[in-house]
Every structure is written in C-alpha cells, then in structure tokens.
Amino acid sequence: MRSFTFRRALQWLVPHVLRHFILITAVLGVLSLAWIRIGLHGDPPIRADGYTYYVYLPSWLIFHDTTFDSVARDCCGGEFAVDTGIVRWPSTGRYVNVHPMGVAVLMLPFFVVADLLTRWSNLPRDGFSLYYQYAAALAGLVYVLAGLAILRGWLRRHFRPGIVLATLVVITFGTNLFHYGTFDATFSHAFSFCLIAALLSMTERWWEAPRWITSLTLGLVVGLMILTRHPNAMFAAFVPLYGVTSWHTLRANVSRLWARRAKLAGMFAVTAATVSPQLAIYHAATGHWIVSSYGSFGFTFDSPHFSGVLFSVQKGLFFWSPALLLAVAGVAVARGWARMLVLPTLLVMAADTYLIANWWDWQFGGSYGHRAFTDALSLAAVFMAAFFEWTARRQRVVPDVAVAAVLTTSLSIVQMIQYWLRLIPAQDTTWEQYRQLFLRFH
Amino acid sequence: MTRRRALAASGVVAFLVLIAAAMTYLHDPPWIGSVTSGLRDWEQEPSGTRFRWASSHATFYVPSDRSTMTLSLEGVFGETDGRTGTIDITVDDRWLATFTLPDSEWIQRRLTIAGESTGRRYRRIDMRVRPTFGHRNLSVKLGEVALE
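Residue numbers (the numbering used here), protein chains in the order written: chain A, 1 to 442; chain B, 1 to 148.
Since the hints were made in silico from the structure, they are not lab data.
Here the structure is a predicted model, which means the values were calculated and not measured.
Beta carbons: idealized from backbone N, C-alpha and C, even for Gly.
Do not rely on the hints blindly, as some may be mistaken.
[As the list claims (entries may be wrong)] Here are some chain A residues pointing at chain B (derived, C-beta under 7 Å): (1) 76; (2) 81; (3) 85; (4) 115; (5) 120; (6) 121; (7) 122; (8) 129; (9) 161.
[Unchecked claim] Label-pair ranges, simulated between beta-carbon atoms: (10) B:43 x A:414: 45 to 53 Å; (11) A:333 x B:20: 40 to 48 Å; (12) B:94 x A:24: 41 to 49 Å; (13) A:81 x B:4: 52 to 60 Å.
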C-alpha cells in the first residue's frame, strides 16, 4: 500500500475538483442567490441596470410592443421615472433604452420558462413577478458558469490541470466575477464574460481550421457581444490579431485572412444580421440607425481617469481585485502559446481601459470593484495561468505566489460579502471608510 | 438490460416523476395567498387605518371560497386640483369592475367575485390605476380587504 503524501493527495484531488469545478461553483452560486434574496432580504434581481437590459422581454413577449409604452403603462402609470434609463427621445417623443437588447436575447430561454410557469401558477404575468425575477438571476449565473466551462476547456488545451484549476478559482472568486453571477446577475457582465470567453476560444479554433460552421458561429458570437454591450465590439479585433507578435506575423495574418475572405464575409454577414434588430429599434425610436442612447452623457475624452479606474479606492480594478496583478505579471513572463496573445491583449485592453477611463461615470455607478473590466476576465485568466506556469517552474517562489493568490482571493471574497451586507458603499468609497470597514462584518 | 442502462432509466423516471410532482404542486401552491406585487409595505394613517400604497398595477390573492370582497381605497391624484382617477379590477384576468376614484377620500367598494371556479385555492386580483404620480408611481392607498 502506497503511503499518503500531500503531493499524492493533490494529484488525486486536482483533476477531480477541476472536473467538477463548474458544478461546485453552481452550487455555491445558487446558495448565494438564496442567501442574498432570503437571508439578506436583498432587492429583487431585476433592478437598476438589470431592469433596462431585461425590459425588452416583457415588452416584446407579454405586451407585444417594441416601444416600451405598454410596460410604462403597466408598471409606471405611462411614464418611466427619469433614472430608469429609458427616456423619451427629444425629437420623436419615443422611448429609447440606454441599454441594448443583447442581455434580453440571451435571457430569452429563461424568460420563456418563467412565463410558462407564471401562467401555470396563476402569478401576475407582468414580467416582474416571482418566477421572472428568479429566472433572470439564474440566467446570469448560468452564463457565468458557461463562460467558466468554455474557459476551462480553452485553458486545458495549453496548461496542466493544476494550473487551470488555480486560475479558475482565482478568476472566479478573487475578482468580482462571482458577484456578477449572483448579486448583480441581471447586469450585462455575466453575459459578456461568457461571450468573450467563447470568442477567444473559437478564434483559436478558427485559425486552426476555418470551417464554415466555426466562421458563422464566430460571427454570431461577435454580433451578440455587440448587442450586449456596444463597446465590446473592440474584442472582435482578436479575430484578425490572433497570434500577432510582430510586423512579420501581422503580414502573415493579413494574407491568411485574404485567403479566407469568403468565410470572413460570411462571419461579417452573420454579425450584421445579429446586430440589425437593434439598429431597427434605434431607427424606429429616433429616426437614426446609429445613436448614442445615453444622449448628452457619454465619453469625456479630455479628462481620462486612468488612475481612478485602475488603482483608486473608489473603484480601482487592482485595488478591489489585487489578484489580477498576477495576470499582469503573467503578461511579462508569458511563453509559448500565451506569448502569442500578449500583443493583441495589450492593444485591446489599452483601448478598453481608455474608453472606460473616459466614460462620464468612470466608476460605472453602484458596483463591487470595477465592473467594466469583468467582461474581459477570460483574457486575464490566460495570463494568470501563464504566471502560475512560470511559477511552477521555479519551486523557490511557489510558496510566495500561493500565499499571494490565497490572500488576494480571500480578501476579495470578504469584501464581496461586505458589499452584499451593504457595508461597503456602492460607489465613492473613501480611504477612511475602507480602513474602518477592513475585514469587518458589522 | 445492463446495470448501467437500468440505472440511467431509473434516473430518467425519477426525474420525470420529480418534474410532475413539482408541476402539480406549482399549479396551486399554498403560499400564493401571501404573494403580492405592486404594493408597498403596510403603513398606518393617523386615524389608525392600515393601508399599502399601490403602484399602477398591483396584484393580491383572495381565497377562492369567498364570494365578495370589499376594497377600501383612497386616491391621491394631486391634492390641489382634486382630479379623479380610474381603477380597473380583474379576477384571474377576467374583467370585474371599473370605477372612478375621488381624490383624497377613502371609499369602500363591495365587489362580487363569484364566478367560474378555477379549481385553485386562491384567485388573483389585479388592480390597474391611472394616473399615478412621482418617482414611485403611487396614487392609491389600499386598505385591508374584507372578504365574505
């Protein structure tokens, strides 16, 4: 009989936990949803931004109305409150939703089940009663889980199981990803996370073998990504930039893209078809095909808040999710396959950060951590895995990195719970508040 | 049939039985009587009258063995001009009554809810009010519903 050793136990445990990681996260997610709603008497899941992303569904499928007027009559006496984010366009008087329809499209299967159950139980068929609320929250959780499953499959192609598992744990619980799959599950971030993970994974497959089905599905994913959050269109740049590390590889990609132009055109056609209903809605409401649904709000390119969005106590990405510094280190030490993604990642994330830092509300309203970066966490996962792989080759630094990963992940979990308990302010947190609340649950 | 297939078949049967049981339960859940929507928490008038603010669409349930209900309502449609509001009542999506609600005055309206039996323990009452005011879209106070 072989003697028990820690190493042997790990060798047995890691593949098993990795295989069941999605299930474990699902159980934790459902328990968290129940705790938030029942234990903490949290607000209904369809609220704030989640309301505007979701409202397309009751409007289309219950009231058979694309203008939102029927929902406004039913819920709100004919006029939405100004702060709902559904405002009348000045020149036409029609409602325009600040948020696009992608989340609603992705929630559709959940909504249909909720609607059937609502009729079955004789609950009010208003789009916001019990089953609709739970279905919408569950949709966000399921898309986070789907994104994690895609990410696991993608990382498994390039990294050992132990590295993939460590990466998934830190990305899920060491950032605000789990929060956006549970507490704020109806916001767009759970859905965008899944779509960007799918985009990255499929881009790799498309460059390996550009089958028609891959091309068209990739077009659909890009379309849904744009439909969910318009600025995420920039992540489509990964398709042409995949594997670019120099001028030479860029030229090689261009010639390979030209050789695949028919499939590229097919991909573009599917993307355009997917996005077109949103354009039609904009046109019907405003008379223009492309509009800034935020009206006078938008980007303030003369005063970017780079340090605010990256390091500040208010909403700094690395302040609230310090585990992501491991991914930054991974960019520097990435080798092999991960190295091929460094340049596209730096270009896309620089553009993304620039837009986020220039948004009029650079804190992105009430949120745990900086939610604008949550969408791209699958990209951070690649470089976190690259850093863990680099660490694994240097036994001397393994304990230090393990301690850093455990501490930053634990801190993130503690702070997430503090946010759920409404101890941490939804926005404008000050250093004094942070210091007073540090690791406190009351 | 191999042991594995037998296990899988049992699993499928158990799943279908579970779904059927859940659907039967959800067709007439006992907790639905306490479900409301579009109604805020209970408050109390200085006179002692308990009420809940209703938004433009409010829903509550009444036991199906009751044949009449008396609604106590006060419209608050803008106290300066004294205009009135309109309220539509439906029972299980069937129209029951439409009436005008005066401004700032408690009224009581007795309504007969007997009709086709749905075979459920509770009947759903929907109130749709217009106009509503303010950020929370409130305009009607609904007192305790008396049932006979």
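Hints and how they fare:
no., hint, in the structure
1, 76, "5 Å, holds"
2, 81, "5 Å, holds"
3, 85, "14 Å, violated"
4, 115, "14 Å, violated"
5, 120, "6 Å, holds"
6, 121, "5 Å, holds"
7, 122, "5 Å, holds"
8, 129, "5 Å, holds"
9, 161, "27 Å, violated"
10, B:43 x A:414: 45 to 53 Å, "37 Å, violated"
11, A:333 x B:20: 40 to 48 Å, "56 Å, violated"
12, B:94 x A:24: 41 to 49 Å, "48 Å, holds"
13, A:81 x B:4: 52 to 60 Å, "58 Å, holds"
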